[in-house]
Amino acid sequence: MGVVRMPESVMPLCAITTRYDDALDWSVAAFAAAGFQVRLKSELFAFDMTNYYQAEMGNDLKKQIFAFEPLRDPQQLADWKLLTNQWELDFKAQNSYPEDRPLNLDSGYLTLAKFVLATTKDRDHRLYLRDGIFAEVTMSFTGGSWKMHPWTYPDYQTEPAMNFLNAAREELKALFKEARRAESEKR
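Quick note on numbering: the sequence shown equals residues 1 to 187 in full-length UniProt numbering.
Note that these hints are calculated values from the structure, not bench results.
Here are the simulated EDC-like pairs of lysine to aspartate or glutamate, each with C-alpha atoms no more than 20 Å apart in a straight line:
| # | residue 1 | residue 2 |
| --- | --- | --- |
| 1 | Lys121 | Asp79 |
| 2 | Lys173 | Glu69 |
| 3 | Lys41 | Glu69 |
| 4 | Lys147 | Asp124 |
| 5 | Lys114 | Glu8 |
| 6 | Lys114 | Asp73 |
| 7 | Lys41 | Glu171 |
| 8 | Lys147 | Glu170 |
| 9 | Lys62 | Asp106 |
| 10 | Lys92 | Asp25 |
| 11 | Lys62 | Glu99 |
| 12 | Lys92 | Asp60 |
| 13 | Lys114 | Glu159 |
| 14 | Lys62 | Asp21 |
| 15 | Lys62 | Glu88 |
| 16 | Lys41 | Asp22 |
| 17 | Lys41 | Glu170 |
| 18 | Lys121 | Glu136 |
| 19 | Lys177 | Asp73 |
| 20 | Lys114 | Glu136 |
| 21 | Lys114 | Asp124 |
| 22 | Lys177 | Glu8 |
| 23 | Lys62 | Asp25 |
| 24 | Lys114 | Glu170 |
| 25 | Lys173 | Asp73 |
| 26 | Lys173 | Glu185 |
| 27 | Lys114 | Glu69 |
| 28 | Lys62 | Asp100 |
| 29 | Lys173 | Glu183 |
| 30 | Lys62 | Asp48 |
| 31 | Lys114 | Glu171 |
| 32 | Lys92 | Glu56 |
| 33 | Lys147 | Glu159 |
| 34 | Lys121 | Asp100 |
Construct the entire structure; sequences and hints are all you get.
Take a look at the structure:
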């Protein structure tokens with residue numbers, strides 16, 4: 001029998017896709033108001049690998065990925081996804097953009113071993129969390145690099161996304177090291 005251990009805290013992430021610059025600012029402000037402070041962000045890059053969102057979000061989409069602090073309990077992932085789903089609706093209601101969905105917020109988290117995303121869509125590789133929210137391991141970190149899965153979306157395979165995930169993982173390692181040092185000083 002294995003020993004039950006609580007998981008380490010995770011670094012919350014959100015990938016923001018939109019064609020509107022003010023949607024990025026609005027989203028970051030919403031996160032800040034909810035207690036999520038930006039620790040790291042990717043460069044802004046074109047979301048042009050697919051036209052999947054074109055009908056509901058328009059053309060010329062951009063994406064930027066954010067890492068937040070403080071670190072959180074991974075059990076909160078469903079809460080984050082439900083919150084960001086509501087924020088998408090709030091942003092739409094507060095603005096008069098012609099698109100059905102002017103803002104897309106993809107909630108997830110990072111551990112040293114994996115990048116996890118939450119979704120409302122069930123597939124064979126996704127696990128149910130609660131309240132209509134599923135989670136998937138989008139990428140795994142093994143052998144010193146990120147490994148894609150057959151279901152890893154193309155936008156997360158881009159150079160800006162990979163650079164961000166590498167930098168965020170290094171930030172997470174540094175935070176864990178700092179926490180261990182502080183804990184050992186207490187002893």
